[in-house]
Amino acid sequence: MNCEEYWNDMAGPEPEEDFDAHLAACPSCAARWAAGRPVAAGLRLLAAEMKNVSAPPRVEAHLVRAYRERYRRSVPPAGEARRWWAAAAAVLLVAGALWTGVRQPPPSAVNSGLAAVAASEEEDAAFVPLPNAAGSPQDDDVDLVWVELPRSAVTALGMPAGDDSDAEGVEAEVLVGPDGMARAVRFLN
Amino acid sequence: MKPPEPDHQLFERLRAGQEQAFVALYHRRQPALYRFALQMSGSAPVAEDIVQEVFLALLREECGYDPERGSLVAYLFGIARKLLLRQFERRRLDVPVDTGGAEEGRFTEPVDASDPLADLAARERVEALRRAVSSLPRRYREVVVLCDLEEVDYAETAAALRCPIGTVRSRLHRARLMLAGKLREERHGGASIPAWKAARCAI
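Those sequence lines, one after another, are chains X and C. Letter by letter, the first sequence follows residues 1 to 189 of this note's numbering. Letter by letter, the second sequence follows residues 1 to 203 of this note's numbering.
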């Protein structure tokens, strides 16, 4: 085995047995091999120092979102499905409650979640509790759903419908509880 | 103790829509891929992009990984390397601090077998070595990062780089000698003896 064969065939961190003979017989290669050893040791130190370096959490978050997008496109997450069902239910319930002309005094105490959301709003329009919201369980887990309602819904709640009564509908936000029941409504225009 | 689930099984499960398998594989393989990309590019944002792209590649329909043809580790590093090469071409990131003609096969050969790191403090040694690694030409840097820093075995490194295992070995040894030379230069203010003609790899 000549020097070239030696280095081309064996350049691992430690000499293998078959190659020991060449090192023993060749001072030049032995010196070269020995010169590489401390570097290998230094590289181990460097590797240990970098051991905890890894990608920031945002990379994982992005990838998990991409994974869900790729593999769960046909099955939306539970929260999203609930939101859509809640939106549909909200329209039906608000419209139904108002159509029947049920007039009850507003509940004296709106549940805490509703109150928290309402309190956080800085706009003038306040959420009006719906008749069927009375006695709803106290919870903070409410969804805010945008809907469009017939203008008659405004008057049904005893509010002024405005001058443009010919307009097709009014935009409203509805608070929907985790049970899918609409709790309160706020008209946006 | 239960042995860790093999990569290829995690891969199969993640392709079947099991998010936990995807997350588990990410946690297992991401750090080394990130460090590899970081060492090769010298840029944290680029390293982030590379890691992201590597794992996104696993989600694609035409992912192309075949467990029969090799390990997932080699496949992942192979993709990372391909993306890095693309980055280098686009942004010309691969500008070593000092190639010293090494890409042409010339490098500093140690004059003697004394430890070039001997009189540097441990911290300085590591920093000097880090600088030396990042100044290596790309083909040598990648084998050092994979084999010495990330402890990827030679066969998997060869698969990732798509070259024979002998090439990995010879590049690795040459890279270590270059590093020793660079450290010696740093220690002695630049005296070096160019020698040894390195064999060029076809890749």
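Hints are computed from structural coordinates only; laboratory data are not their basis. Just so it is clear, CB atoms sit at the ideal spot from N, CA and C, and this is done for glycine as well. Do not take every clue at face value.
[Said to hold, decoys possible] A few chain C residues that don't get close to chain X, going by computed Cβ distances all over 10 Å: (1) E19; (2) E68; (3) R69; (4) A122.
[To be verified] Sample of chain C residues at the chain X side, in silico, Cβ under 8 Å: (5) M1; (6) P31; (7) L38; (8) L59; (9) C63; (10) L72; (11) L83; (12) L85; (13) V126; (14) A180; (15) E185.
Fill in: Hints violated by the structure (listed by number, smallest first)
1, 4, 5, 9, 10, 11, 12 and 15
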